[in-house]
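Chemist: As a plain string of letters, each chain reads:
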Amino acid sequence: MPAPPTQPRARAPVQSAPRASATAGPVNLRPRLLAALGVLLAALGVVSGQLVRLAMKEQPEARVSMAEPIARIWSRPDIVDRHGRLIATDVATPSLYADPHLMLDIDEAAEKLAEVLPNFEAAELRRLFADRNRRFVWVARGLAPRQAQRVHELGLPGLAFRSELKRVYPLGTLAGHVIGSVNTDNRGISGLERMLDAAGRVEAVQGLARTSGPALRLSIDIAAQHALTQELKSAKERYRAAAAAAVILDAGTGEIAAAVSLPEVDPAHWLDTARADRLVAGVYELGSIFKVVTVAAGLELGVADLDKVYDVRQGLAIGQYTIKDPGSGPGRPLSVREIFLHSSNVGAALLAQEIGAERQRAFLARLGLTDTSRLDLIPIANPLLPRQWGAIETATIGFGHGLALAPLQFAGAFASLVNGGLMVTPTLLAGEGEAKAQTRVVSAATSERIREVLRLNVTHASGTGRRAEVEGYRVGGKTGTAEMPGRGGYQEKAVISSFVAAFPMDAPRYVSLVLLFEPQTGEGTPRIVASVNAGPATARIIERVAPILGVSPRSDAPGGGRAPAPFDAPAPAQ
Amino acid sequence: MLRALNTVLMLVTLASAVGLYVVKYDTRRLEARVQAQERALEKAENDVAVLMAERAYLARPERLEPLARALGLGPLSRHNYAAQAPAGERQP
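So the sequences go chain by chain: F and B.
For what it's worth, the working numbering labels the leading residue of the first sequence as 84, then goes sequentially.
For what it's worth, the working numbering labels the leading residue of the second sequence as 97, then goes sequentially.
Hints should not be assumed to be uniformly reliable.
[Claimed, not checked] Cβ pair distances, simulated, as ranges: (1) B:Val119 / F:Arg113: 22 to 32 Å; (2) B:Leu154 / F:Pro201: 40 to 50 Å; (3) F:Glu575 / B:Leu154: 44 to 54 Å; (4) B:Asn176 / F:Leu237: 56 to 66 Å.
[Unchecked claim] Output of the computed footprint for chain F on chain B, the stretches with three or more beta carbons under 8 Å from beta carbons of chain F: (5) 98-107; (6) 111-124.
[Stated by the list, open to error] A few chain B residues that face chain F, going by a derived Cβ cut-off under 10 Å, partial list only: (7) Arg129; (8) Val146; (9) Tyr153; (10) Gly168; (11) Pro171; (12) Tyr177.
Hints listed in this document are in silico derivations from the structure and should not be mistaken for laboratory results.
Using N, Cα and C, we set each Cβ at its ideal position, and we do this for glycine too.
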């Protein structure tokens with residue numbers, strides 16, 4: 084049978100196959116294992132070698148890694164005026180930084196960069212790049228795109244840009260004092276910008292993310308602000324004043340429509356103290372405009388009515404001082420109304436004396452004139468009160484001396500006196516004034532009497548405010564010419580000339596306060612009294628600003644009857 | 097029977113691994129797109145801010161006033177107001 088022999092033949096390869104693989108296995112596998120082991124050992128060797136090399140390598144010194152917060156910037160909400168017109172916003176600008184470690188030639192880089200960036204000296208930049216261990220140094224932040232392009236074109240290694248948010252003020256110096264300013268990290272350092280920080284409305288952001296917060300809407304109207312600035316500048320020039328300030332605020336709510344202090348400041352540059360806001364940052368003895376408060380106190384406390392007569396001819400002697408009126412006056416006893424019109428210091432002092440120190444102080448406190456106050460969150464300079472409130476102080480405060488106030492604080496009190504007697508706190512924020520609690524400071528009747536004498540002071544032939552009249556706007560107001568204190572007493576030639584006014588007088592909508600610091604005499608202004616400088620300046624301001632604020636003139640102006648004197652009428656007595 | 101089940105399970109595992117891979121890369125692509133969109137939004141917002149600032153700069157009163165005066169315009173005076181007739185007498 085041929086079949087059986089095939090079995091072993093067929094089996095033989097089956098059996099030989101495992102044998103063959105068993106004998107070939109060790110021969111083929113060993114080199115592979117050895118190769119794998121070799122690779123592993125080599126890798127281990129490289130790692131160990133590297134460790135040894137690193138351990139052996141000479142270390143320069145213990146290095147401190149300093150983390151610099153390179154990307155933190157503050158994003159701020161926009162600031163807009165009462166009609167939503169943009170005043171301040173954040174835009175992305177390139178900021179230049181250096182990595183001195185990557186710089187090839189520090190001297191060359193410093194010199195080339197100094198050529199392109201005009202604000203830098205090569206030596207200054209060289210110092211900046213000197214430490215090669217620093218990996219990050221700010222060079223210039225908030226560059227103009229053109230400058231950034233020129234730096235880029237230098238092609239220097241180790242210089243690079245980051246985009247950062249930067250505050251910009253498209254209106255330039257307009258309302259600069261009110262807006263304030265920010266530092267390079269976009270944090271507010273003065274004015275409303277500082278207030279935004281204090282109110283927690285800024286966000287620390289990375290990169291260019293903008294804050295989602297709503298814009299800050301101001302009560303300022305930029306058209307009125309511009310008009311007021313222009314008119315005040317021309318008044319400052321015309322009367323050759325060293326400085327000037329003016330504010331227009333809503334008589335009912337205290338919302339400031341325009342506020343200017345000259346010389347101006349640019350919010351894009353840091354504030355220098357010589358240009359401080361004279362409306363809030365300084366206190367001044369305001370002089371005769373303060374008689375409004377004295378008369379109001381007299382009326383409110385029932386000490387006098389407008390017809391009560393005081394003998395002002397002799398002057399008023401208190402201790403070693405004698406108060407006299409500068410001009411000759413009508414030479415007869417004057418009623419309170421006439422004291423106001425002629426701006427008699429003696430009359431105001433007599434009235435104040437009758438009111439008495441205690442009640443005077445309490446009345447001023449009720450008007451908020453003796454306390455620290457704030458314009459929103461912006462601090463207003465503290466009122467400077469007499470150390471001892473005696474008889475002489477009571478008399479001098481009656482005509483506005485011996486008590487120094489920030490003009491804005493006075494403007495708020497004046498608004499409270501003419502608006503019907505409700506307390507007004509000046510504010511820069513739209514809608515803020517209405518929300519405040521309205522407390523009564525004087526009766527409606529007193530307020531009406533005050534409006535009456537203020538209007539009379541402008542319409543009457545012997546009123547000091549004659550040249551503040553603007554046909555159709557029914558202006559009422561009071562002049563003030565306060566000698567400034569200097570070395571060895573008050574200076575006759577250096578005065579603060581001011582005019583406080585409200586319009587239209589039958590139902591005042593706006594209050595204005597104009598101050599000229601150290602005006603000089605000149606053509607058409609033979610004297611440096613408010614009736615010939617601050618008065619006419621107020622008329623020009625009201626004529627220009629009132630239509631912008633939506634106050635329209637009325638032809639049938641009541642409350643006087645006399646034709647108003649033109650701006651260039653001869654100067655009446657102060 | 098068990099082998100078939102194993103095979104099926106193995107296939108399912110493989111399929112889900114592939115699926116996971118696809119989903120993961122899709123997510124990464126989406127994330128990249130979201131980031132790109134966010135950057136674009138940021139850029140657009142900043143461009144808008146720049147344009148708004150430029151518009152405010154061009155419309156600043158300091159610049160408009162001389163232009164308006166050159167056109168013969170001036171501040172509103174009381175002579176520009178016309179007496180208004182009572183509502184009943186107004187012309188249609």
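Chemist: If a hint holds in the structure, say so; if it does not, say that too.
Modeler: Comparing the hints with the structure gives:
Distance hint for Val119 (chain B) and Arg113 (chain F): a CB-CB separation of about 45 Å, inconsistent with the stated range 22 to 32 Å. Taking 40 to 50 Å as the suggested C-beta distance range, the pair Leu154 (chain B) and Pro201 (chain F) does not conform, at roughly 26 Å. Against the hinted window of 44 to 54 Å, the Cβ-Cβ separation of Glu575 (chain F) and Leu154 (chain B) comes to about 49 Å, which satisfies the hint. Checked against the hint of 56 to 66 Å, the C-beta distance between Asn176 (chain B) and Leu237 (chain F) comes to roughly 57 Å, which is consistent with it.
Counting residues of the segment 98-107 of chain B whose CB lies closer than 8 Å to any CB of chain F gives 0, so the stated coverage by that chain is violated, three being the minimum. Counting residues of the segment 111-124 of chain B whose CB falls under 8 Å from any CB of chain F gives 0; the rule of at least 3 is not met. The interface hint given for Arg129 (chain B) is broken, as the beta carbon of that residue sits about 18 Å from the closest beta carbon of chain F, more than 10 Å. Because the beta carbon of Val146 (chain B) sits about 5 Å from the nearest beta carbon in chain F, less than 10 Å, this interface hint is met.
With its C-beta approaching chain F no nearer than about 4 Å, Tyr153 (chain B) sits inside the 10 Å limit, and its interface hint holds. Taken as an interface hint, Gly168 (chain B) does not check out: its beta carbon lies about 18 Å from the nearest beta carbon of chain F, beyond 10 Å. Interface hint status for Pro171 (chain B): upheld, as the beta-carbon distance to the closest one in chain F is roughly 5 Å, under 10 Å. Evaluation of the Tyr177 (chain B) hint against chain F yields a held restraint, the C-beta minimum of about 6 Å falling below 10 Å.
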